[in-house]
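2 protein chains.
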Amino acid sequence: MTRFAFTIAASDGAARTGSIAMQRGTIRTPAFMPVGTAATVKAMRPSEVCASGADIILGNTYHLMLRPGAERVARLSGLHTFMGWDGPILTDSGGYQVMSLADLAKVSEEGVSFKSHLDGTRHMLSPERSVEVQRLLGADIVMAFDELVPTTSSVDQQAAAMERSMRWAKRSRAAFDGGKEHAARAALFGIQQGALDEGLRKTSADALIDIGFDGYAVGGLAVGEGQEAMLACLDYAPGQLPEDKPRYLMGVGKPDDIVEAVRRGIDMFDCVLPTRSGRTGQAFTADGPLNLRNARFAEERDPIESGCPCPACSSFERAYVHHLVKSGEILGSMLMTEHNLWFYQRLMGGLRDAIAGQRFAAHAQQFLERYRQAASAG
Amino acid sequence: MTRFAFTIAASDGAARTGSIAMQRGTIRTPAFMPVGTAATVKAMRPSEVCASGADIILGNTYHLMLRPGAERVARLSGLHTFMGWDGPILTDSGGYQVMSLADLAKVSEEGVSFKSHLDGTRHMLSPERSVEVQRLLGADIVMAFDELVPTTSSVDQQAAAMERSMRWAKRSRAAFDGGKEHAARAALFGIQQGALDEGLRKTSADALIDIGFDGYAVGGLAVGEGQEAMLACLDYAPGQLPEDKPRYLMGVGKPDDIVEAVRRGIDMFDCVLPTRSGRTGQAFTADGPLNLRNARFAEERDPIESGCPCPACSSFERAYVHHLVKSGEILGSMLMTEHNLWFYQRLMGGLRDAIAGQRFAAHAQQFLERYRQAASAG
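Protein chains in written order, with the numbering used here: chain A, 226 to 603; chain B, 226 to 603.
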């Protein structure tokens with residue numbers, strides 16, 4: 226069986242559409258990966274995530290190593306069996322979470338020592354341990370372990386962190402290749418760093434290419450720099466990475482971020498936005514985001530988004546969803562999350578179709594005008 | 226179409242099985258009604274409630290009149306359309322909740338004045354207003370408005386509250402009959418009161434029979450008196466009510482309560498236990514309740530209950546459910562609630578089959594021995 230085969234079916238400008246064939250399934254690109262942090266895409270059954278059109282989901286190494294624990298998941302036959310998701314799973318390396326969520330993180334050349342935010346127990350993540358955890362989980366796409374530094378760091382600090390991340394990428398590669406059985410069916414992605422500096426990004430990309438990966442992530446963006454700065458970086462960063470490998474923009478993003486990133490050659494995305502926003506009552510629609518808590522929806526008979534084929538929109542009116550959200554009912558989180566995941570997958574499907582039909586620019590313009598106009602009016 | 230037709234298909238001792246035919250569907254008895262307090266059976270989609278085997282659900286007048294409001298639900302085409310439940314809905318009268326949940330409840334012959342526990346606004350519930358609210362909601366089975374007094378009240382206070390409840394039952398009947406369009410398709414149940422006093426219960430039953438109802442509830446039980454006292458009351462209370470009408474034991478109960486009440490001639494039940502317990506990690510099984518938070522389940526590969534055909538048990542292991550519950554994940558509440566609702570419906574199905582097969586006593590004994598033995602061991 227094919228381990229990992231990325232095929233570009235069509236390009237339109239820098240945007241491209243195609244697929245990644247893996248043993249557990251095929252991922253249509255550009256792809257959006259719902260986030261299943263703690264072995265669950267929150268408020269959704271796996272069958273519902275699948276029905277939304279998701280080909281692949283993301284799991285968080287940091288969360289899963291702390292609870293229920295990677296060795297435990299392995300004894301339970303791996304993450305797919307544990308959570309009931311048959312398709313591909315990408316796991317992040319924990320590099321981001323360990324800096325943003327853990328207590329008392331101490332970084333050395335060896336790796337990062339930290340205290341669990343759950344129970345204060347001390348743990349270590351290194352390239353070797355991160356890859357081992359991802360292998361124990363049974364990840365289909367493994368991410369190299371990298372070092373994140375605050376966006377407010379100096380260029381020297383950014384450069385040093387990038388250089389260390391490249392050394393860690395090499396160790397991640399070696400650790401991954403050492404797990405022969407897993408390496409024979411899984412894929413390893415490297416992560417480009419270098420903050421907003423084109424030169425650092427180029428150095429990072431070249432280092433990763435020299436090591437060689439199945440795919441390449443653009444890391445260190447969507448961490449507070451703003452859309453304009455992010456897009457300026459995406460004007461050059463994807464082009465520094467191999468044309469014939471998937472490019473993954475980590476942690477992005479808003480619907481308009483995704484459209485702009487696809488325009489610049491990105492193939493894969495993950496973000497908590499559709500799920501997290503769903504739980505707080507924010508719905509994504511082609512006319513921009515809507516806050517269903519707003520009293521103006523209290524007697525609205527339309528679905529969350531008119532014309533949306535998702536189960537929530539097929540069965541329920543805004544008035545009801547408003548009531549559920551206002552009342553803090555779990556079903557509100559379920560329906561809103563479901564709609565948002567369908568919205569994101571429909572967004573990706575529309576982008577794929579537009580690229581295949583060589584009408585990406587017009588499609589993107591039309592989408593963005595409608596989305597942003599309504600968003601600014603609302 | 227049939228408005229309300231109760232048919233007893235078989236009896237076994239005092240236990241009986243049959244059905245209630247109504248315009249929105251047929252209710253198999255003995256029936257368990259999941260509680261959908263705020264227009265949602267918490268953590269469940271209506272289709273999932275239906276799949277569990279529920280023929281009818283319960284809605285709470287008190288909660289719905291405060292949020293989203295009965296007039297609003299009426300403008301939104303009624304509770305069935307609002308929440309997406311096509312089958313029969315029974316609404317309680319609000320009499321219990323107004324005394325247990327509202328602030329500053331003041332009781333007079335007219336009714337109960339109270340402040341909303343949500344926003345402190347002042348409201349009134351009377352027999353007329355309660356029936357009107359239930360009509361605005363579009364209830365299929367309407368409950369008469371009654372007065373609840375604490376179990377610690379004196380016999381005189383209990384007698385006075387029962388007498389007032391009977392006057393209110395008469396006013397409820399008149400109010401119900403006055404809404405001709407609704408009365409032509411819905412049913413009205415009276416509620417027997419009288420605490421644990423056989424004489425008061427008899428007086429109450431006779432008063433209700435004199436007024437005439439489609440069904441008769443046994444009210445004022447399961448309010449802290451303990452199972453033994455409740456069952457002692459059920460030794461005589463159902464027999465005081467008409468043989469040919471459904472008897473509904475409000476707010477009950479634990480699986481063993483239900484078996485014992487069916488043995489004594491009860492046909493209908495509602496209780497928050499399967500849904501509420503599900504959200505706190507308690508699973509019902511034939512071997513007694515299980516707390517899935519318990520660390521001993523952390524690596525158990527069995528489903529919540531072996532042999533259970535519910536979707537949660539068909540797809541997930543205890544280890545995973547344990548993880549979800551421990552992590553406070555919404556999916557944990559969803560799966561546990563689903564299992565518990567299936568357990569309750571399977572319990573009712575087993576009781577119906579046993580009565581139909583004239584083997585109720587043996588079935589009940591077998592169930593109770595296994596359930597209680599395991600429960601006491603656990």
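These are calculated hints, taken from the structure and not from any lab test.
One or more of the hints may lead you astray.
Which copy? The list can't say, so a pair holds if one copy fits it or any two copies do.
[Claimed, not checked] Listed next, the in silico EDC-like pairs over lysine to aspartate or glutamate satisfying Cα-Cα at most 16 Å (straight line): (1) Lys405 x Glu485; (2) Lys551 x Asp344; (3) Lys479 x Asp512; (4) Lys551 x Glu524; (5) Lys340 x Asp381; (6) Lys551 x Asp328; (7) Lys340 x Glu594; (8) Lys470 x Asp435; (9) Lys405 x Asp481; (10) Lys267 x Glu554; (11) Lys331 x Asp481; (12) Lys405 x Glu388; (13) Lys427 x Glu453.
Status of each hint after checking the structure:
Proximity of Lys405 and Glu485 under a CA criterion of 16 Å is satisfied in neither setting, with 38 Å inside one chain copy and 61 Å between copies. Within a single copy, Lys551 and Asp344 get their C-alpha atoms only as close as 32 Å, which misses the 16 Å cut-off; across copies the closest is 13 Å, which meets it. Within a single copy, Lys479 and Asp512 get their C-alpha atoms as close as 13 Å, which meets the 16 Å cut-off; across copies the closest is 49 Å, which misses it. In this assembly of identical chains, the alpha carbons of Lys551 and Glu524 lie at most 16 Å apart only when taken from the same copy (13 Å versus 37 Å across copies).
Taking identical chains as interchangeable, the C-alpha atoms of Lys340 and Asp381 are never at most 16 Å apart, the minima being 27 Å within one chain and 63 Å between chains. For the homomeric pair Lys551 and Asp328, neither the shortest alpha-carbon distance inside one copy (34 Å) nor that between copies (21 Å) is at most 16 Å. Taking identical chains as interchangeable, the C-alpha atoms of Lys340 and Glu594 are never at most 16 Å apart, the minima being 45 Å within one chain and 48 Å between chains. Taking identical chains as interchangeable, the C-alpha atoms of Lys470 and Asp435 lie at most 16 Å apart only when both belong to the same chain, with a minimum of 14 Å there against 82 Å between chains.
In this assembly of identical chains, the alpha carbons of Lys405 and Asp481 never lie at most 16 Å apart, being 40 Å within a copy and 55 Å across copies at closest. Taking identical chains as interchangeable, the C-alpha atoms of Lys267 and Glu554 lie at most 16 Å apart whether they share a chain (14 Å) or sit on different chains (7 Å). Proximity of Lys331 and Asp481 under a CA criterion of 16 Å is satisfied in neither setting, with 36 Å inside one chain copy and 56 Å between copies. Proximity of Lys405 to Glu388 under the C-alpha cut-off of 16 Å is found in neither arrangement, the shortest distances being 27 Å within a copy and 81 Å between copies.
Taking CA atoms no more than 16 Å apart as the test, Lys427 paired with Glu453 passes in neither setting, with 20 Å inside one copy and 78 Å between copies.
Hints 1, 5, 6, 7, 9, 11, 12 and 13, counting from the list given before, are not met by this structure.
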